[in-house]
Structures are given as C-alpha cells and as structure tokens.
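Chemist: So the protein lines, in turn, are chains A and B.
Residue 1 is where the first sequence starts when you use the working numbering, and the numbers rise one by one after that.
Residue 1 is where the second sequence starts when you use the working numbering, and the numbers rise one by one after that.
Check before you lean on any hint, since a few could be wrong.
Unchecked claim - Listed next, the stretches of chain B that the computed footprint assigns to chain A, with coverage defined by at least 3 CB atoms under 8 Å from CB atoms of chain A: (1) 44 to 57; (2) 77 to 83.
Stated by the list, open to error - Cβ pair distances, simulated, as ranges: (3) B/Ala14 to A/Leu212: 39 to 45 Å; (4) B/Asn108 to A/Ala213: 33 to 39 Å; (5) A/Leu212 to B/Ser15: 41 to 47 Å; (6) B/Glu29 to A/Thr265: 28 to 34 Å.
For the record, the hints were derived by calculation from the structure and aren't laboratory data.
Here a beta-carbon is modelled for each residue, glycine too, at the ideal position from N, C-alpha and C.
One-letter residues, chain by chain:
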Amino acid sequence: MRGSAVYPGYARQTLIALRTIAWKETHRYLRIWLQTLLPPAITMTLYFVIFGNLIGPRIGPMAGHTYIEFIVPGVIMMSVITNAYMNVVSSFFGAKFQRHIEEILVSPTPNYTILVGYLAGGVGRGLLTGLIVILISMAFTHIQIQHPFITISVAFLTALLFSLGGFINGIFARKFDDIAIVPTFILTPLTYLGGVFYSIELLPGVWRELSLANPILYMVNAFRYGLLGESDIPIQTAYSIIIVFIIISVCLSLYLLHRGVGLRT
Amino acid sequence: MQALFLSRLNKIYASGVHALRDVDLVVDEGEFFGLLGPNGAGKSTIIGIISSLVRKTRGRVEVFGYSIDREPWQAKSLLGLVPQEFNFNSFETVSQIILNQAGFYGINRRTAHQRAEQYLTELGLWSRRNSVSRTLSGGMKRRLMIARALVHQPRLLILDEPTAGVDIEVRRSMWDFLRRINAEGTTIILSTHYLEEAESLCRNIAIIDQGQIIENTDVRSLLRKLTAQSFLLDIDGRLADVPELGDFHVVPVDESCLEVEVRSDQSLNELFARLAERNVQVVSMKNKSNRLEELFIRMLERPPEAHREPTQVEKTA
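Given only the sequences and the hints, what does the whole structure look like? Please build it.
Modeler: This is the structure we're talking about:
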C-alpha cells in the first residue's frame, strides 16, 4: 500500500483490524466446538484404541518405542494439519460464499492483515486440537517430552503452513466441493503415507526414496523428534523444508490477495 | 471539494463485456447525488470500482482527492458502502456485525459500542441487537446494512438500491434518516430504481446507459427537459363521450377517468377551463407516473434492436 504506511492512524487501524479478524475467526471455531473440536478428539481416541491398544501390542516395538508411543506424535500432527487447514479453507470460502468477505475488502484493512487474521484462526484451532489430542493420549500412554521447544515450534510452523494451504485453497474455491478435494485427495493420503503409523526405515528402497518427497513426512518426524527424541530424517532438514514452504505460501497468498483472484472481478 | 472524481473510467470484464466506457463524473462534497440507469447500465460496476470490489480496466478514481490506486488506505477510510445484496454474516448477531465492521476500520471497542448503540437506535434496530442477522426481516436487514456502513462515520456514503423490497413506511423513514445525515455533512451517492426516491432525495442526478453517462445535471434542470406530462383525471359521474379539449391529447381510461397529456407549452389552467366549458367536473387528479420516471423512460427510448445486453468488445478478425 504505497503512501499509506506514513498516514497517521495506519498502524492503529491495522492492529485493531487484525485483532478483530483474529478474534472473529477464533470465536467462530469456539462457538461451533461440536463441529470443530469434538470430532478430532473422538477420531483420535479411536486411533489410540484400535492402533495403540488393540493392534499395537501385536505389532511390537517400533524405532525403540512401543507402537502406541510411536504413533502418538503422528496422530497429533494429523489433527493439527487437518484442523488448521479446514478452519481456514471453510471459514474463508464461507466468507466468500456469503459475500461478507466484502466487509473486509472495502475497508482499509491491508492484505497482510487479512492473511494474518485468518491464519490466527487456523493456527489457533490446529494447536488447540493438538493439545486436546495430547491430553487424550495421556490416557493411553505416558510420554515425556524430550525437546519442548522443537515440539512447540514444529507444531506451530506446521499449523501455520497448513493454514496457509487452506487460505490458498479458499481463494481458488468456487463451490463447496472445491474445499473438500484437497483434504480428501491430497492431504489425507500424504498424511497417512507421511510416517504417522510406520517408520520409513521399514520401507524398501524405492518407496523409501519416494516417501522423502512427501513434505508431511518431515513435519511428523520433526514433531516425533521433539516428543520422543527419534526421527527418520535430520531435524535441520525438516525445519528448512517447513520454512521454505511457509515462505512460498505466504508470498503466493499475498500475491493472490493483491491480484484479487477469486475475490474481485 | 470533490467527494468523488472519476475520469475516463473503463471496465471490460473477462467475458468481454464492456461495462463502462470513458465515464467522467464529479460529485461535490455535501451533495445528495443520484446515479440512475436501467439494469445492466453499469451503475453497480461504478460502485464496485469505487469500493475496490471491481478492478477497473483503466481510468482514475479519487475519493476526497485520494487516489484509490496510490492512496487506498485513505480513500477507503472515507468511504461507506451499502451494497445491493445482503452481504453480512448470517450467523452473527446484529451487534457483532456492527462491532466487527468498526474493528475493520480501526475503531476501538468503546467507541464502536457507542456508535453501534447510536446508529442501531436511530435505525430502529437497537431492540434486535442480540438477534442473529438471518432472523431479521428484509427491511431490518436493509437498515442493518446502513448502520454497518455508517459505524466508521464515512464522509462519502454510497447506497446501491438501499430500499429495494422494503415497504413504503420503512422506505420513508429511511429517506428521512438519509436526508438528516446528508444535512449533517455526509455526501451521499444513491443508486436506485425508485425514481420517486431519486426525485425526492437527490439534488443532482447522472443517468447512465450502456456504460456511458448520458445525462448529468441537477434535478430541476432535468425535469425542465420533460416536454409533456400525462395526468389521470377522475371525473364526477360517467362520460358518454370523450370530451373534445382542443390541443390536449385525451385518452379515456374508463367511464369516469381520463388520461390527458399536457405539453410544456400548455397550462393546467387552460386544461381546466376547457373541461369547465364542457361541464366536466374533476374530482381528483394525479400524475400518471413520476415525472422523473417519465423523463427517464423517454431518454432511454431506443429502437427495439438497441435493447440488448452491454456490447461485447469487438473481436478483431
């Protein structure tokens, strides 16, 4: 916004607008907690019961941990990824569909404020569901967090990245089907194949190499390193990949907002 | 000062529709300005461009001297928009909608609450402040959109069909409200299909047709261009024959009603004198249609083949 940054009141307006959008987004998922917070809690409980308690003991230890300990980080990341993504894509597309996104577009709110406000909702819901799943996991196993900073930072960066993914999806979506395509056909397969339920060390050569092209593998393993101190890949590589994807996604989101793609005719 | 300045504004949609063609328009501060035109003329496109919901193809737009391209923050801060279609979150309450809007404009919570109470009270919605917006009637939703557009106290308020679908009582109360905020200094641009509304409220009017401004003047000057008016006369008793009224063109509507056309060079006194000569007693009289409406229809009259969608950009062979 050329010529705007020096205008008196610009910073104040931007901060209040950011707080308004962030609170609006947070209030939205808290208000409909039966749709946003309860389902992941139930689903992840079922994962722990079935894969952890019932099937896990027959599988035996993996990477030096009991099977339920091994899957806890991946299951937490699954909920973080899905909820961060779904919060932003459904809220942003809903705002487009009902056209109340125009309330913000006609206001002096800068594009980066709109983006950060929506991301705040996605990151908040992703981390909150992650926390709920951690609390549930405590009923099934005892995990002592090995590297708290890595655990929290990886969860935060992953929630941020997938909130950005949801935002980009929301910009391009034209109908409700469009917001289900990416989670169903891309996100879920990549998450299941991202080392949530197994170590890639178990895979034969070519499949192992293919798995390394899956970005979710790096997030799951980095988070597992934070919780258990175990990872199939170097932690620095995981951070680098996550941060590069975040930078690309932020640039793309701001470019799309600036161009008005899907928002302005 | 100019509240709005448009220069050589053009819009060509991706579909090829050339919606605006070199539109020039100036609205001075303090005006109550009417923007009229048939469906598809380009009114909403102009409003969309000013409010940045539509990207212009070329041209200049300034709001109180601020360019929407170079100084969007300043231009948008001064602008309030009441769009044609309801575009608020139907799951939020009336208060939430107003307070959020205030937040988007950087208004602190305390001031926002005060203004929400002020405008919701003035527009008769304060008792419904905790109602979810989707439960409001059509008229209430229209008033909510006006309250929302005013919460940041814009210097220029643009209303796109603000009274569409509301009953006459609510419409007249909204007119009073708009007159008052205009008198208090808010410049208003009104796009409406109700020409009675435009005639009653606006001092200046622009008529747009097929993406071009075809008239831009004050209402009085515009109405002077009306070369004839049609009146409906209710007659006491029943008429056996259509009375001969000299140069006046008379058409019977039914046995006790006549339609008479009075040209601008004729007077009503003359008409009534002729009626009296023939012992025709007039019980009541009214314009057949609103004067501006009559003028509007005559100005937009064109051969049937000209009534078509906005022209497509001609594709080069």
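Chemist: When you take the CB atoms of asparagine 108 of chain B and alanine 213 of chain A, is the distance between them in 33 to 39 Å?
Modeler: 49 Å, violated
Chemist: Given that the stretch 77 to 83 of chain B was listed as covered by chain A, double-check it with a C-beta distance under 8 Å for 3 or more residues.
Modeler: holds (count 4)
Chemist: Tell me if the beta carbons of alanine 14 of chain B and leucine 212 of chain A are separated by a distance inside 39 to 45 Å.
Modeler: 41 Å, holds
Chemist: Examine the stretch 44 to 57 of chain B: at least three residues should have C-beta closer than 8 Å to a C-beta of chain A.
Modeler: Since three or more residues must qualify, the claim that chain A covers the stretch 44 to 57 of chain B holds, with 6 doing so at under 8 Å.
Chemist: Is the hinted range of 41 to 47 Å satisfied by the C-beta distance from leucine 212 of chain A to serine 15 of chain B?
Modeler: 45 Å, holds
Chemist: For the range 28 to 34 Å, tell me whether the beta carbons of glutamate 29 of chain B and threonine 265 of chain A fit it or not.
Modeler: This hint holds: roughly 29 Å between Cβ atoms.
Violated hint for the displayed structure: number 4, the only one.
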